[in-house]
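Here my numbering is used: the first residue of the sequence shown is 1, the next is one more, and so on.
Worth flagging that the hints you see were computed from the coordinates, not collected in a lab. Ideal Cβ positions, reconstructed from N, Cα and C, are used throughout, including at glycine. Possibly wrong hints are sitting among the right ones.
Said to hold, decoys possible - Simulated restraints on C-beta separations: (1) Arg328 with Val62: 49 to 57 Å; (2) Arg321 with Thr93: 40 to 48 Å; (3) Ser315 with Ala271: 47 to 55 Å; (4) Val46 with Val210: 24 to 32 Å; (5) Gly322 with Thr61: 41 to 49 Å.
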Amino acid sequence: MNQPAGCPRTELVRFLTGLTVCCGLAGATGAATVLDQLDPSTLNSVGSGDWNAAATWDAETVVPDADLRAAVGNHLVTVDGEATALSLAIDGTDGGVVIGVDGTLTLMEGVELLAGRLYVDGTLNAESAQIAAGTFQIGSTGTAVLGDVELGKDAEYVYTLGGPGGGLLAVGDVDLHPGATLNVTSRGLLKTVGDATVPIIVAIGRRGVVGKFGGEPPGGAHLGCGVFLSGRGASGHGVTYSANAVGVDVFQAAAGDTDGNRQVDGDDIQAILAADTFPSRGAAGWSTGDFTGDGLCDGDDIQAVLALGLFGQGSYLDRMRGRDPLGRSGDQGPSKADPFGGSALTLAAADTSGSPGTTRLVPEPPAVLTLAVGLLLLLWRRRAKVRTNRL
1 MNQPAGCPRT ELVRFLTGLT VCCGLAGATG AATVLDQLDP STLNSVGSGD WNAAATWDAE
61 TVVPDADLRA AVGNHLVTVD GEATALSLAI DGTDGGVVIG VDGTLTLMEG VELLAGRLYV
121 DGTLNAESAQ IAAGTFQIGS TGTAVLGDVE LGKDAEYVYT LGGPGGGLLA VGDVDLHPGA
181 TLNVTSRGLL KTVGDATVPI IVAIGRRGVV GKFGGEPPGG AHLGCGVFLS GRGASGHGVT
241 YSANAVGVDV FQAAAGDTDG NRQVDGDDIQ AILAADTFPS RGAAGWSTGD FTGDGLCDGD
301 DIQAVLALGL FGQGSYLDRM RGRDPLGRSG DQGPSKADPF GGSALTLAAA DTSGSPGTTR
361 LVPEPPAVLT LAVGLLLLLW RRRAKVRTNR L
C-alpha cells in the first residue's frame, strides 16, 4: 500500500507529531499511543510466512512497500514473488529472509543483517548491504545487485555454485572485515571438467574490494557434486583477490574421481566399497559413489564411470578438459545432479588480457546480462532519488 508524501494518512501523522511537540505532549501516554498506531514507517514481523501476507506483519492489514521499513526478528519470512520495502533489518538468531527462485526483493534504501540469515536464490536489489553478523548466502540461482557492501567481523558470506545465478555485484565498494568468514558450496555439477576461477564478488566502485576474509575454506576441500577448491589458481590457496573482485579457484572432477586427484584409480573404488552404499544401500554423495545426483550409488553411477573409460589411465585432465563430467555429448539439459543446468559463472576463467601481472575475473555472458539489468535499475533509482531531493 503506497503512501506517498501528501496522502491523508501521512499528513495526519505529521500533523499529530507537530502538535504533540508544540503542546509539550511528547511524554503523554495517550499521544504516544496514537502516534504509535498511526506511524506507518516500520512493520515488524510477528510470525513466519510470506512477505506479501498481511498476517506476517504487526499491522495485520498491510505489507511492506516502498514507503515502509521492514524489520524481521526470530521469524522466517519468504519472498516468492515481487516484493519491496524502503529498507530491511534482520535481527533474530533463528530468523531471516529467504528470497526464492522466483522471488524479487527491491529495497529503496538498504538491508542490515544483525543476526540470522539472508538467503538469496532469486533477486535482491538494494542501495546498500551492511552485514554485521549472521549469514548472507547467495544461492546457485541467486543474484544480488547492491550499492556499497560491508561484511563485519561476525559475518559469514556463503556462495553456492552449480546454477545460473549472477552472484553478487556491488555498484559501490565491498569492505571485508578480517574477521568475516567465507564459505563456498556446490549444489550441482559444473558444465565441464577442469579448472576455473569463479567470481563470487564483483565491486565496480572507486575502491573496489577492500580487505580479505579472515576465514576461508581450505584448498582441496570438496564443495559438493565433484567440485573441489583446487588451490591451483592465481592465489595458490583457493581464493583469489583482485582490485575489483573475489574469486575461487575450483576444479570439476569427472565421474569416478571421488577425491578430486584427477585420476580414477583404486583409491576411488576403495572409497566406494568402504562406504558400503552400493547397490542402493543408503544415501550416497560424490565421495561415496553418487555421480548422477540421485542420492544413491547404483548401476547408473557405475555405468557413468565405465562409459568414460578413465580407470587406471592416470591423469584424465587432457582427455576430459572441456567435456561434460558425466561424458554426455552436446546439450543434454540438466542432469539429476545439476538441476539448474550448470553455473553461469563456472566457465569464467581468469582473463589476463589486461595489464601484465593482473587478473580480471569476468562472468559468462548470461550472468553479465543479469547483473547489467540490475545495475541499470539501481542507477536509475539513485538518479530518481537525486531528482526528488532537488525538488
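Each hint, compared with the structure:
1. Range check, Arg328 to Val62: Cβ separation about 50 Å, and the 49 to 57 Å hint holds.
2. Hint check: Arg321 to Thr93, Cβ distance near 45 Å, so the stated range 40 to 48 Å holds.
3. Between Ser315 and Ala271 the beta carbon distance is about 18 Å. The supplied range of 47 to 55 Å is therefore violated.
4. At roughly 38 Å, the beta carbons of Val46 and Val210 sit outside the given window of 24 to 32 Å.
5. Taking the beta carbon of each, Gly322 and Thr61 are about 57 Å apart, not inside 41 to 49 Å as hinted.
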